[in-house]
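J.: Read off the chains here:
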Amino acid sequence: MPMNHLPEAQRRAIVRTAATLAAIAFALFVYTLWRGIK
Amino acid sequence: MATAHHDEHPAGLMRWLTSTNHKDIGTLYLVFALIMLFVGGAMALVIRAELFQPGLQIVQPHFFNQMTTMHALVMIFGAVMPAFTGFANWQIPLMIGAPDMALPRLNNWSFWLLPFAFTLLLSTLFIPSGGPAGGWTLYPPLSAQGGMGTDFTILAIHMMGISSVLGAINVIATILNMRAPGMTLLKMPLFVWTWLITAFLLLAAMPVLAGAVTMLLTDRHFGTHFFDAAGGGDPVMFQHVFWFFGHPEVYILILPAFGITSQIIPTFARKPLFGYESMVYATASIAFLSFIVWAHHMFTVGMPLAGEMFFMYSTMMIAVPTGVKVFNWVATMWKGSMTFETPMLFSIAFVMLFTIGGFSGLMLAIAPADFQYQDTYFVVAHFHYVLVSGAVFSIIAGAYYWLPKWTGHMYNETLGKWHFWLSVIGFNLAFFPQHFLGLAGMPRRIPDYALQFTEFNQWSTVGAFLFGFSQLLFVAVVVQAVRGGKKADAKVWEGAEGLEWTVPSPAPYHTFATPPRIK
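Respectively, the protein sequence lines represent chains D and R. For the first sequence, position 32 (counting from the first letter as 1) is numbered 33 according to our numbering, and the numbering increases by one without interruption. For the second sequence, position 282 (counting from the first letter as 1) is numbered 334 according to our numbering, and the numbering increases by one without interruption.
Looking at chain D on its own, in the form it has when it is part of the complex (with noise of 0.2 Å):
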């Protein structure tokens, strides 16, 4: 119910956070396994 309701600006904003921190996440777990075949 809720997020239909918000506007699509801020329904954008909420999607690229996710996208971003998603992204970082991701990122760290490969650098780690990088990091140990280095």
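Derived from the structure by calculation, the hints contain no laboratory data. Positions of the beta carbon are idealized from the N, C-alpha and C atoms, including for glycine. Keep in mind that the hints are not guaranteed to be accurate.
Simulated DEER-style distance windows between Cβ atoms [unchecked claim]:
1. ILE38/D - ASP541/R: 33 to 41 Å
2. ILE87/R - ALA20/D: 31 to 39 Å
3. TRP470/R - GLU9/D: 48 to 56 Å
4. PRO8/D - TRP68/R: 29 to 37 Å
5. THR466/R - VAL31/D: 51 to 59 Å
6. ARG12/D - LEU177/R: 42 to 50 Å
7. PRO193/R - ALA24/D: 46 to 54 Å
8. VAL83/R - ARG13/D: 33 to 41 Å
9. PHE340/R - VAL31/D: 21 to 29 Å
10. ARG13/D - THR236/R: 20 to 28 Å
11. PRO8/D - PHE392/R: 43 to 51 Å
12. GLN11/D - ILE110/R: 54 to 62 Å
13. VAL83/R - ALA10/D: 55 to 63 Å
Based on these hints, arrange chain R on the given structure of chain D.
T.: Relative to the frame of chain D, chain R by itself:
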């Protein structure tokens, strides 16, 4: 007040399986955490029963090792972390005036990963090789040699990690994007602040654990030698990577506790929180320092003197922002018009007992002294003072504090006070003697011990059983409040401040569909 008129939702099992409502998901997390508290607690009681006297009485050493390992994994990842996430789900939207979490469907998935992860983890106790038995830290070479239970555990940790990272993303996205108009960052309640910082810790720490256990898995099955000295690898590297996750994890387990305490003490002292901004900066400082202290867990592996000095002093620096917090809680109570309802009692016990755990932490931080304390019961006493009388007491305090808001009923104060006193006495009886055992040289993670340690172990076991069984009172209080009782007002506590107290009790299914305006 802005409360949506429609609160229709599916009934029965489908409500809980498919819900994207932050209150439902918060309840799921809290119930799951309570169940895990009893599962992990039962394991603790197996450990304490075995240690009641020297010699092997009840369980075999291999099963004992499984109990110590599983107790930690269940309590950390199954009880404390989900309990705080439950609080976050219930309270953050209510406290910032948001209609829900920013990503409700992701929220549902974050929760539902957990029952599967823990089914997988607990199922290892029923497979022939048994569960993981090398300690929750999963150090190789022990973990590299363990049976299939270790592989199950690694997969379970991946699932818990994904759940935690998704939960953290949701919390950050919610706090940064969903605050009511006028609620600037420095107007947010401290619980929200501590969770924002915790979420960043989760985001930075959990992928590192995922990396460590992935390397462990490939060492076990795919011919790599990351941690295998015979193949050119380094088992100590696992310890470094693990504790780079593990120390921030300690603060993931305690920062939300600081937040809950910072909500409760002002309410029952009937004064605003002393030094709000310094609390925020102290929390951020602790979070930063948590990333540069990891090797204090491994002083004895051998590292350059400069390394020992760096990790010793950086660890001691954590006492400064933590001291600021303790000072501010005491200053909030100073000359306050205090009353001692159950949430306040647990919060005051939190401040006093957590401080004891902090002091023993400072003792452990002293590198030369740590050579004596390493892997003794002193360490066990230390981390139970910060995690039980710290994290768990604050969770209980928070549950009592917000229970009337969640259920619409006041809880039974008499039973609550009984629960408090039995918990405090049982807890101290269980864990204070462990300081002496450790200083006298009793190692941790052993099913048998030398005769001179008997008496303190017996006290400890009696205390542990008292503490464990007194938690049944908590279940009774919660069940009573859910089923009925005196009706709670919107503003349950006279001295409470904040948006959550402006909505009726119980909080309607949908709240703040129209955001409130903060002045």
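J.: The structure should be examined with respect to each hint, and the outcome stated for every one.
T.: To see whether the hints hold, each was checked on the structure:
For the pair ILE38/D and ASP541/R, the beta carbons lie near 60 Å from each other, so the given range of 33 to 41 Å is not met. Range check, ILE87/R to ALA20/D: Cβ separation about 34 Å, and the 31 to 39 Å hint holds. Hint check: TRP470/R to GLU9/D, Cβ distance near 53 Å, so the stated range 48 to 56 Å holds. Distance hint check for PRO8/D and TRP68/R: the Cβ-Cβ separation is about 30 Å, which falls inside the suggested range of 29 to 37 Å.
Between THR466/R and VAL31/D the beta carbons are some 55 Å apart, a value that agrees with the proposed interval 51 to 59 Å. With their beta carbons about 45 Å apart, ARG12/D and LEU177/R fall inside the hinted range of 42 to 50 Å. Taken as a hint, the range 46 to 54 Å is violated for the pair PRO193/R and ALA24/D, whose Cβ atoms sit roughly 35 Å apart. Against the hinted window of 33 to 41 Å, the Cβ-Cβ separation of VAL83/R and ARG13/D comes to about 35 Å, which satisfies the hint.
Between PHE340/R and VAL31/D the beta carbon distance is about 23 Å. The supplied range of 21 to 29 Å therefore holds. The supplied range of 20 to 28 Å is met by ARG13/D and THR236/R, whose beta-carbon atoms lie about 22 Å from each other. Roughly 46 Å separates the CB atoms of PRO8/D and PHE392/R, a value that falls within the hinted 43 to 51 Å. At roughly 57 Å, the beta carbons of GLN11/D and ILE110/R sit within the given window of 54 to 62 Å.
Remark: the range hint 55 to 63 Å for VAL83/R to ALA10/D is contradicted by a beta-carbon distance near 36 Å.
Hints 1, 7 and 13, counting from the list given before, are not met by this structure.
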